[in-house]
Amino acid sequence: MKIQEVLSWRRKQLKLTLEDVAHHVDVGKSTVRKWEHGIIKNMGRDKIALLAEILQLPPALLLKDDIAVNEIGIGDLLPIAQKHIPLIAAAPAGILHEDSGTTTAYVTCDRHLRADFALRMEGDSMSEARIKDGDIVFISKQDTVADGEIAAVLIADTTTLKRIYHIGEKIQCMAENPKYKPIYFDTTDTQTFKILGKAIAFYSEIE
Numbered sequence: 001m002k003i004q005e006v007l008s009w010r011r012k013q014l015k016l017t018l019e020d021v022a023h024h025v026d027v028g029k030s031t032v033r034k035w036e037h038g039i040i041k042n043m044g045r046d047k048i049a050l051l052a053e054i055l056q057l058p059p060a061l062l063l064k065d066d067i068a069v070n071e072i073g074i075g076d077l078l079p080i081a082q083k084h085i086p087l088i089a090a091a092p093a094g095i096l097h098e099d100s101g102t103t104t105a106y107v108t109c110d111r112h113l114r115a116d117f118a119l120r121m122e123g124d125s126m127s128e129a130r131i132k133d134g135d136i137v138f139i140s141k142q143d144t145v146a147d148g149e150i151a152a153v154l155i156a157d158t159t160t161l162k163r164i165y166h167i168g169e170k171i172q173c174m175a176e177n178p179k180y181k182p183i184y185f186d187t188t189d190t191q192t193f194k195i196l197g198k199a200i201a202f203y204s205e206i207e
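Residue numbering for the sequence shown follows full-length UniProt numbering, beginning at 1 and increasing consecutively.
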């Protein structure tokens with residue numbers, strides 16, 4: 001295998017995005033893409049060390065141009081580093097109801113996934129975003145998101161998922177299912193509405 005093939009294969013095996021690798025190594029996403037296409041000249045040793053760390057491979061392996069398949073053995077594929085984050089339940093089908101969102105469990109994910117907590121989706125309100133009932137959605141804590149991004153939001157003491165749009169002085173919360181109407185809040189309404197974080201990944205079982 002060429003070194004670029006190893007980089008791409010290992011990143012995908014660990015379920016890392018180009019952005020994940022770029023953030024860890026402190027380079028642009030385009031640089032990581034170039035590495036995976038074989039443009040790896042003048043990579044500094046500091047970058048090699050960071051790249052090896054996030055891909056969980058020995059740094060010496062990344063100094064080779066060609067790597068035999070049998071070189072990438074069990075000893076090289078280090079156990080995937082994991083972390084535990086809180087798991088809470090989302091409101092069923094986008095309906096507002098009393099739910100404290102209290103953590104009752106934890107879920108394990110890759111240590112490099114920039115998630116602070118996870119939601120277990122209930123109902124079909126996000127079905128057209130391929131997020132189904134029972135899926136686990138990983139959330140990165142932040143109090144704002146860009147238009148069109150999916151966020152975990154707190155609405156009337158209920159934690160749920162919505163696609164967010166800013167319209168003048170209003171925030172539009174959209175379900176990803178046409179049978180649920182949009183919900184609107186004033187941007188100054190911090191009592192009944194709050195953005196908890198951005199949805200960055202989700203886990204779904206194949207049916």
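Because the hints were derived from the structure by calculation, they are not lab data.
As the structure is a computational prediction, the values presented were derived from the model and not from experiment.
It is possible that some hints are incorrect.
The following label-pair restraints were derived from C-beta to C-beta distances [stated by the list, open to error]:
1) Trp9 x Gln191: 48 to 54 Å
2) Glu53 x Ser30: 16 to 22 Å
3) Tyr106 x Asp133: 17 to 23 Å
4) Lys34 x Asp186: 41 to 47 Å
5) Gln191 x Arg33: 26 to 32 Å
6) Lys29 x Trp9: 14 to 20 Å
7) Thr108 x Gln172: 23 to 29 Å
8) Ala105 x Lys194: 28 to 34 Å
Built from N, CA and C at the ideal position, the CB exists for glycine as well.
Hint check, failures only: Per hint list: 5, 7 and 8 violated.
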